[in-house]
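Every position in the sequence shown, counted from 1, becomes a number in our numbering once 6 is added.
Hints in this document: simulated from the structure, not taken from any laboratory. Idealized CB from N, CA, C, for every residue including glycine. There's no promise every hint is true.
DEER-style ranges, computed between Cβ atoms [what the hints assert, rightly or not]:
| no. | residue 1 | residue 2 | range |
| --- | --- | --- | --- |
| 1 | A113 | A44 | 32 to 38 Å |
| 2 | S17 | I124 | 16 to 22 Å |
| 3 | C71 | P97 | 32 to 38 Å |
| 4 | A44 | C71 | 22 to 28 Å |
| 5 | V83 | E122 | 18 to 24 Å |
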Amino acid sequence: MHSIKRFIPASFVVLWATGFIGARYAMPWAEPFTFLAARFVLAAILLAVLTTVLGSRKASRAEACHAAVAGLLMHGVYLGAVFWAIHRGMPAGFSALIVGLQPLITAVLAGKFLGEAILPRHWIGLAVGLVGVVIVLWPKLGA
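Let the sequences and hints guide you as you build the complete structure.
So, in structure tokens, the structure goes:
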């Protein structure tokens, strides 16, 4: 395994988790979608450099389309709504709690509407994740 690949999962978690904090501090200086666009451009540049350094293969047209749609939904809709809510005054901790509940809500809806089987190990993983969210956000929720 290329040595840099070992750091990718941890880097992703740190960058994703600090997005709410960054949004909170950036809101006085930039509109939500301006900040989100700047964040996206910076991430695209970093990923282009990283894929070049790692010698990653070029994505197929179908993979590129899939990534573009996922990116538009995650960054344009999901994070856009989160940043807009923070800009409008919602506490970052509360918005993080709502987002932290997303996997649990998705599991419930996937079982109900898609007929997907949610196994006990899935529920255990969801519970562990929810406990982690509560531990991290507990001090913020009391404020």
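TODO: Look at the Cβ atoms of C71 and P97 and judge whether their distance stays inside 32 to 38 Å.
DONE: 37 Å, holds
Open item on the list: Given the hint of 16 to 22 Å, is the C-beta distance from S17 to I124 inside that range or not?
Closed with: 29 Å, violated
Task: Range hint compliance [Cβ, A113 to A44, 32 to 38 Å] - done: 33 Å, holds
Open item on the list: The hint says 22 to 28 Å between A44 and C71; measuring C-beta to C-beta, is that right?
Closed with: With Cβ atoms ~24 Å apart, the hint holds.
Task: Satisfaction of the hinted span 18 to 24 Å by the C-beta atoms belonging to V83 and E122 - done: This hint holds: roughly 22 Å between Cβ atoms.
Taken one by one, the earlier hints fail for this structure only at number 2.
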